[in-house]
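Novice: Here's the letter readout for the chains.
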Amino acid sequence: MSRRLEERPVASANRPKLERRPRQNFETWSWYFMRISGLVLIFLALAHFTITHIVYDVVETDAEFVAERWANPLWRAYDWTLLALGLLHGLNGLRWILDDYIRAPAKRVTAKAALYSVTGFLFFYGTLTIITYGG
Amino acid sequence: MSSTVYKGKSGQWAFIGHRVTGFMVFFFLLLHVVDVSLINIDPELYNEVHHLYGNVVLRLFEVGLLGGLLFHSFNGLRIVMVDFFPGAIRNEKSMFTAVLALTGILTIVGGYVIMKPFIDGRILS
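Residue numbers (numbering that gives the first Met the number 0), protein chains in the order written: chain A, 0 to 134; chain B, 0 to 124.
Among the hints, a few may not be true.
[To be verified] A few chain B residues facing chain A, derived, Cβ under 8 angstroms:
{"id": "1", "residue": "S9"}
{"id": "2", "residue": "V32"}
{"id": "3", "residue": "I38"}
{"id": "4", "residue": "V48"}
{"id": "5", "residue": "H49"}
{"id": "6", "residue": "Y52"}
{"id": "7", "residue": "E61"}
{"id": "8", "residue": "L65"}
{"id": "9", "residue": "L68"}
{"id": "10", "residue": "G75"}
{"id": "11", "residue": "V79"}
{"id": "12", "residue": "S93"}
By construction, these hints were calculated from the structure, which means they are not laboratory data. Even glycine gets a Cβ: it sits at the ideal position worked out from N, Cα and C.
Isolated chain A (complex conformation) (with noise of 0.2 angstroms):
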């Protein structure tokens, strides 16, 4: 490890800019939000896939293996959980890939607007099909 900041000579000019708090600003938010979500998804995806492809066949999971998982609050709970943080882990993932790709201003303006309105979009609808199903 290097010296501790306190230990190094530094310009006085230069003090009150090292003692200010880094700022917490959206960005900051966003790193953070990716690592605590990323964190929840391994398990929320994982344990989804596992259920729903290996402890059973994907062809058994039809209306009827639904309507019985969604008689349960707490599966409806579960899935919205993965729907919500899902998609708005993956929104920001995007929103940095467009960020970085995208050159021209106007191209990546039109990009990050069809992410956002097609995620908005799916995340309503995927919601009201949770909250709205009766089996």
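Keeping the supplied structure of chain A fixed, place chain B upon it in accordance with the hints.
Specialist: Quick look at chain B alone, frame taken from chain A:
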């Protein structure tokens, strides 16, 4: 894209793999919201569309999805460790090897289970 090529070592491959698998999983999730939501329109329609997931082409796609999910999960853990535990960067390379090994092994095991109906000859298409 050539400007984004860095030194081409483990860290860069992990970075590229993370983006590609994240992209894949996200687009599958968008599709998945649509196919599940069909259940509220007509359960029979849901069953018909859902039955397609059982054919051999889409089973291979599901094995790919599993591989993508596993890589993104394990590499995500590697990122969290590197970011939150300052000493972890020294083991970055061996952690990447572990990510690849775990992804490979679990994809093969899970892939075998997913492809089993086909392997047993119960489905031909």
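Novice: The structure should be examined with respect to each hint, and the outcome stated for every one.
Specialist: Hint-by-hint comparison with the structure:
1. S9: Violated, about 20 angstroms.
2. V32: holds (4 angstroms)
3. I38: holds (6 angstroms)
4. V48: Not OK, violated: V48/B not within 8 angstroms of chain A, min 11 angstroms.
5. H49: Holds - the Cβ of H49/B comes within 8 angstroms of chain A, reaching about 6 angstroms at its closest.
6. Y52: holds (5 angstroms)
7. E61: With a minimum Cβ separation of about 6 angstroms from chain A (threshold 8 angstroms), the hint on E61/B holds.
8. L65: Where the cut-off is 8 angstroms and the nearest Cβ of chain A is about 6 angstroms from L65/B, the hint holds.
9. L68: holds (6 angstroms)
10. G75: holds (5 angstroms)
11. V79: holds (5 angstroms)
12. S93: violated (20 angstroms)
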